[in-house]
Every structure is written in structure tokens, then in C-alpha cells.
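Asks: Sequence:
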Amino acid sequence: MATKPPTLFEAAAADLRDAVDGEIRFDPGSRAAYSTDASNYRQVPIGVVVPRTPEAAAEAVRVCRHHDLPVLSRGGGTSLAGQTCNAGVVIDWSKYCTRIESVDTEAGVAVVQPGIKLDALNDQLRESGWMVGPKPSTHVSCTIGGMIGNNSCGSSAQAYGKMVDSVRRLEVLTYDGLRMWVGRTGEDELERITAEGGRRAEIYRALKDLADTYADDIRSTYPRIPRRVSGYNLDSLLPENDFHLAKALVGSESTLVTVLRAEVTLVPVPAASALAVLGFDDIAAAADAVPAILEHQPAALEGLDHRLVELEHSRRLAEKALRQLPDGNAWLMVQLDGDDQEEADDKAKSMVEALQKQTDADALVLDDPNRKKEVWAAREAGLGATAYPPGGPPTHEGWEDAAVPPDRLGDYLRDFRKLLDRYDYGSASLYGHFGQGCVHTRIPFVLWTAEGIAKFRAFVEDSARLVVGYGGSLSGEHGDGQSRGELLPIMFGERVVGAFEQMKAIFDPTNRMNPGKVVHPYRLDENLRKGVDFRPAEPATVFAYPHDDHRFSRAADRCVGIGKCRGEESGVMCPSYRATQEEEHSTRGRARLLFEMVEGDVITDGWRSTEVHDALDLCLACKGCRSDCPVNVDMATYKAEFLFHHYRRRIRPMAHYSMGWIPLWARLAAVAPNLLNTVTHTRGLATAVKKAGGIDTQRRMPDFADERFTRWFGRRPATAGPPAHARSRGRVLLWPDTFINNFDPAVGKAAVAVLEAAGFTVEVPRRTVCCGLTWISTGQLTTAKRVLRRTLTALRPALQAGTPVVVLEPSCAAVFRSDLPELLYGDEDAHRLADQTFTLGDLLAERAPDWEPPPVSARAVVQQHCHQHAILGYTHERQLLDRARVDTDILDAGCCGLAGNFGFEKGHYDVSVACAEDKLLPALRDADADALVLADGFSCRTQIRELAGDRRPMHLAQALAARLPFRD
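The numbers in the UniProt record's numbering rise by one with no breaks, and the one at position 16 of the sequence shown is 16.
It is worth saying that the hints were derived from the structure and are not from the lab. Don't take each hint at face value.
Claimed, not checked - Pairs of lysine-lysine residues, derived as DSBU-like cross-links and limited to a Cα-Cα distance of at most 30 Å, are as follows:
id	residue 1	residue 2
1	K95	K504
2	K418	K373
3	K530	K455
4	K906	K749
5	K373	K349
6	K455	K208
7	K691	K785
8	K357	K95
9	K357	K372
10	K373	K357
11	K372	K349
12	K691	K373
13	K530	K418
14	K906	K95
Stated by the list, open to error - FRET-style restraints, in silico, Cβ to Cβ:
id	residue 1	residue 2	range
15	S128	P393	43 to 53 Å
16	R608	S128	25 to 35 Å
17	P326	G949	43 to 53 Å
C-beta: ideal position from N, C-alpha, C; glycine also.
Go ahead and model the full structure; you've got the sequences and the hints to work with.
Replies: Put into C-alpha cells, the structure is as follows:
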């Protein structure tokens, strides 16, 4: 039989694998993960290249040129205008090309590779006293290359300008293979280059002619405002700007060249800052005050309206910050920097006093770093608050960052609000970088019907004319891409747009660099992620998805793509991405694959998809995304749902039967726990048992307790603990979860002591009960529902009596609070249990607020369980520890990496350890030797015991009980 010849794309993939030092991915899963960004648009790429060096990236471009394939450079993939999705070969710089190649600490200059993230770069520069000036709200995930491609800004642009103001030189590569460093070009150097001959001279000569021909048009057409991001930076080629080719290429969105390296100007880290928050009657009145505030040279000047604050209240985002806002219906946040805190405070107070002579603005000045951080969180929570407003339709980008002269901002906002009302988009919130006249909003466009799309087009065209009438820019930050490329003639006129086309032709005559963006653009209403032909599959599900209209397709489309899950600085989300740096192992990447699964044209085998399974395999089900994701994507639930369908009526991995059924095996083990401990810790036998159970052989099995907690409690004398008259606060039901009951009964005993000391009568269910967690996490949802129904039956008397159910294991409490009501949606007992579930800290705060815990008088580092962070919160536990005189350091260390069954499963050990080594283990090594280590989660304690040497972690209950005057 004749061999089938390879397709063009297969041949290109083969050549890339032969030539490029990197990872070459043309599989459906990778293509699905990179099919969109943070915009309304979707274009499935041909394939993805992840180069290990800039030289490897240059080689990838050479191979693509040989096959005549389009190329798109991509950093964090957070673009809102569609510029980082295209049907070509995507080069993802963000995994390997992340080095700082040099830093001149005298001059404040650094040479960096384009894949380094902004926060990571600034963290490495911190000790030198320097930083990169611009700071977009996506600073945890955006890359320097992406910032250059987009001419990024952020709130700090008020002080430091746009990214174009930070770029000194760029090493670039044209599609046809010319590689060169570009920057400021004096007349003598320009003359020398053009005399050399060759492709470089041809480019410089053509650019010089272009600048000369259109100089007057550029000077008269480009708006003189701080936030002009739309269009190419042809003004940088003018003589008065020193023919600065590097700056001319900033903001070109990968349509002209590939950036290999960047030399950037750094700025000193401010010594001190103060934050003034000003309240106004409405957002236009706040904007009217901007010119007066600018006289005080603020480092940042941000605005937000009442609608944004209302949404943040309803979503419980940035709660601490919102409580600090002064009276008003709109607010300005004004940061003023100083050489010391006194100077910064004086500047802020002086500004407030001057402003209050002109307006009746209410004011608040903050200099405490924590309070300032909280208030800034309110501003940065904008997208998360506005994307899915409770009770309203979802909102979209598409006209979210226009900019006008700051002194005309108030009038512009009044007219823009009228335009929103005319199109019935009046619910949109308005906020943004008011000091530079840049306004952000998300609008409830309907992008899946012909009528809605036509209305969207008409609105943005009218909006473009409104902005241009105010002397503004279509984009003040997010770029043109596909959203605004078609509208550029409204702003610049046909002649200057013709100059853009010539600029494109000089660098990319065959239109292979990110085609269809900025120049010769796709229409703004094509390539929509939804569109009139959007008809996703609507599979029957086990979970109810009440926050997504009870539709899995809506849940799969919840991610808005801003990539906070790709950060590494704080929070829990996303541990597997932090360990692997892989897009498909981020929450966003997994969400993209699930979206493509229900879309059905790239991933075509639905629930049986191996690509989706592989992406979800390293999800630790930590639920960090449920709280840390701005739009509360719940990947743990999606994973459980997927595994249920993927393995339905099929043989499952052995770990699903061993770890997934651990509540049953633990009950059986209670017959002879010591014998089983001997088997699981005898080398040869242990290895065989682990292999048979699908458990990684490097993982130590936890010991079964000699006596189960429930047996201990059942034989406990009635006279144990405080006398009956001291138990005046009523009954509580203490939940005997599988882990405490069978492996760590000391925690349960300690909790009994604490609860009785606080005045409660403790009961424990007499029947065997279980929350079903291990069945849920392995996707055995039919069994989980059966277990939960049996549990509800056993708890019914307590539930009907309103008895609090105290749950010591955070993952079990999280099941009752979140998973249970969504698995047994509409079951009133399920909702009662969700409402009656308390952690130990919750119960003591609500039902025994006057109880004084024993003085522990110690220092402690606290590893908060992921589910505590995501679902339960740790506020009451922190308060309880404070009252017990515990000096706590609550670690911001992310997931411990064990995550229930995840860290035990074969093939997960390395990722599990990498998660722990990310922040947790280094923090424990740095902690004082005599500090307590508190970890309420059994998984956390197990991981710490195994990997942290002689550290002996304990539950909060144990720390308190050890200081009680009496114990059993």
C-alpha cells in the first residue's frame, strides 16, 4: 500500500521539529488552547512553537517562511482586541525565553528576553532599586514582549508613560530573515545604513521616504494626548523624534517584525507613596476634577463609578477596600510619590486641601501599605466585577479603552453615557485611567445573533466618531487588533491609513506577520468566538451549574482570558501552571479546551477527548480558581464532571479505585490497622501494593490509626470533659471525616476538648457518614450522590433541629458548602447542610464570641488549605489565633501540592513536589525552628510531614487543646 504523503502542515511540523530547539505542537489540544485570547475573537492556529531561546524562535520563523505559513508572536495572551489569536503558527515566548540578559544598575538599563513576565522581572530587579515603569492590570501574567507588541500602559503610565517610552533598542527579525538591532538613528547613522545596500538599507530608505512623505499628515492627524495607542507609531520616525525605529515598532502587534530581545529603560522604585481617595456625586463630576489634580503631578490617577462598586459589593470582591471608600457615587484614586513617607503624605494632603476649595469632594488619605494594596485591589477587580453582573447579562470588551484629552474627559463621559443609553447599554460601568483620559468599560453586547451583532457594529462606529470628535484615540491601552483595525480610517483618515499599509509592506510584503490585524484588518464582526453560527453542544450533566444558567456550555465559556491563573506571585491559582509553565495546565488553557470540546470542530470526540483529559490530569482540584479567578471559573467541578463522562461505562485508572474509594478501604482497615501499616511500609510489599493501586512508588502511605476517632468517642465516659452544667451553648455535631477518623484521630479528640471547653455539648453521628469527596474528585459522581444522600438521611434530625455541623477537614466542609448543593440541587436538606456547616473558627466566632481561648502564646506559620482559601475563608480562624496570643504568619504559599488523591497518583509525584517547592517548603525552611506549623488540611499536614524534614504540623484544634486545663 502506498504511503499517504504528508500534508503541508504535517511537513511544516516535521521540519520545525528537526530544526527548532523547542516544543512543536500541532495537536488538537494545543491548537484549542491557543484559539483565542481575552477578546471576542477566535481563530484556531495551525500549530504552536515554544522555543527555548530567541535563536530557536528565529529558526522557527525561517521554517515557517519556507512553508509560507503566517507567524504570530504571543506572550501572556491577554490581549483584548484579538491581536494574539490568528490562524497561523503561534510562537509562545512565555515558557523558556524569560531571561534577564544584562542589567546596568548605574544607568538603569536592562536587556531582557521577550517572554519574561513583568512581575517576575520587577521581582528580580527589586534589590537593585529599579523597575519597569508601565504596569498593566495583568502584571502577574503579561510579558515584556507582549507589552512591547501592545504598547502597554497601566495605572503607572501616569508617571512613567507608555511602553514606547521605556524601549531603548530592540533586536528584531523580519519575516524574510533580516535580523538587526534597531533604536534611535541619528542623521549620520541613517546615511551610513542606507549607503550599505542590502535588505537593511532598503528598509531604512523606505521608512525615511515614508516619514518624509507623510510628515505633515502625521503631525496634524495624530492626537496630542498621553494615551494614543491606536495605529503605528509613525511619529517616532519624524526628525524631531530622532528616527527612533525601535519606538516605531512598539505597538505593532506582531504585524511587522518578531522581537527577539529588548533593551529597556528602568525607573527607580518609589521610596514612598500616599494614596488619596476622593468621593464625588457622579463619574462625570469626578472627571471634571482631573485637570485640577494633574497640577499636583500625581503618579497615578484612577477613576471608578458607583456601578463598579455595587458589582464588587455583590460579588464580594475587594471587600476591605470598599469599606474604606469615602462618601460618593464615583471615586478618584490619586497616588502621590515622595522621597519619604512624610513628603508623600504632605503632597497628598496638599492636593486634597486645594481640591476641596474647588469642589465638595469627600476625601481619605492612606499611607499604610496594606490599606493601599486593598484599595488598589478594588480598581484591579474591575473586569472580574463587570464581566458577569449578578442578575444581568454578561458583558464584553469591544469598546473598552478609548482615550480623550484629560481636560475634556467629563464632557466626553456625559456624551458617552448618553450613547450607551441610546443603545440600551446603560448598565455598563465606567472606570479607568482618568489622569490620562482613558476609559474602561465592558458592555452587554449580544454577539451571537444577527441583530445583536449589527447593533454592536453600529454602536462602536458611533463611539469611534464620538471619540475622534473629542480629539481622542480609539485605543488608549489595549491596541487595535481586530476590534479597532477596521475603524482606523475614522480616526486617521484614509491617507494616514495608507501610510500604515506602506509601513506593513516595507517589513512584511507578503502579509505573513499576524495578518488581518491593524492593517488590511478582518472586519470587527467576523471571527467572533460566538457569532451567528455558534451552537455548542449542551450535554446532560451531573452538577447543576446554577451560576451558568444550568448549562455546561456556559460554564465552559466563563473564562474571559485575562490570564491571572498564569501568575506566580500570590494566591492559590494555578499550582500546576506554576509547576509546568504550560498554557494547557493553566485554568485558562483548560477552560479553552472545554470550550472547544463543546464547540466541536477542533476537539471532535466530546467527553472521550484525550486532549481534554490530559489537560485536566494535572488539575489538582484545589478550587483556587473558584476564588482567585476574576470570574470564578471552577475547574475542580469541571474536572469532576468531565471524568464522570469520560470514564462512564469504562475501566478507570486504578487510583480511582484505590484512592477514590479510600473511605471504604479505611473502614475495612480498621479491623487490622497495624497489619496494614506493616504491609504498606515494608519495601517490597509496599511497592507492589502501590503499583497495584496506581499510586506513585515514591509516595509514602499514611499510617492508619490504632483506633478510629468514632470508636474512641463511642467508648468515652459520659463524665469526660467539663461538667454538664458548663455546656450551656447547646449541641453541635462534630463531623468524623475519613481522614481524622481513620488516620489522625488526635485532631478529633482535640476538637472535642475545645468545643466542650467553649461550652458545647458534642455529638458524633452514630451511623457511618461520608461527604463523598474522594468520589467527587475522581469523577465517580453517581457513587458520590448515593453517599451524600445516605449522609443527609443520617443527619436529617440534626438538620431539622438546626444543629451546627462542625467540620474540621476543610475539603469536607467545602463539599458541603459548594459541591453538595450543586450535585443535589434543589434538595432542601442539602441546602440546610450547606448553611449549617461550620469550621471550628466559624462556630466559635458565631456561637461563642465571648469565649476566651487558652493562651497559646507562640509564633506560628499557617498553611491555609486551598479549599479554606477558595470556599470557607480563614478570617475567624485568624481572629481566634489572635485571641489565643498566637503571632501568626499566614503563608501566601499556594497549594501544598498533595491535594487529596492527586499527589498519590502515579505520574503526579514530580508536579506535587514542585508545587510544594514553589513557596511552601522554602517558607517552612525560613521559619523559626520553634514556630508552630498549623495546617487544618490532612493533605497539607501529610505533605509537610513527608517533605519538610522535622516539621510537625498540627490542626488549629490541637494548638488550642494543648493549652486547655483539662483533657481526656
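Asks: If a hint holds in the structure, say so; if it does not, say that too.
Replies: How the hints compare with the structure:
| no. | hint | result |
| --- | --- | --- |
| 1 | K95 - K504 | holds, 29 Å |
| 2 | K418 - K373 | violated, 34 Å |
| 3 | K530 - K455 | holds, 15 Å |
| 4 | K906 - K749 | violated, 33 Å |
| 5 | K373 - K349 | holds, 19 Å |
| 6 | K455 - K208 | violated, 42 Å |
| 7 | K691 - K785 | holds, 29 Å |
| 8 | K357 - K95 | violated, 53 Å |
| 9 | K357 - K372 | holds, 25 Å |
| 10 | K373 - K357 | holds, 28 Å |
| 11 | K372 - K349 | holds, 16 Å |
| 12 | K691 - K373 | violated, 49 Å |
| 13 | K530 - K418 | holds, 28 Å |
| 14 | K906 - K95 | holds, 25 Å |
| 15 | S128 - P393: 43 to 53 Å | holds, 48 Å |
| 16 | R608 - S128: 25 to 35 Å | violated, 52 Å |
| 17 | P326 - G949: 43 to 53 Å | holds, 50 Å |
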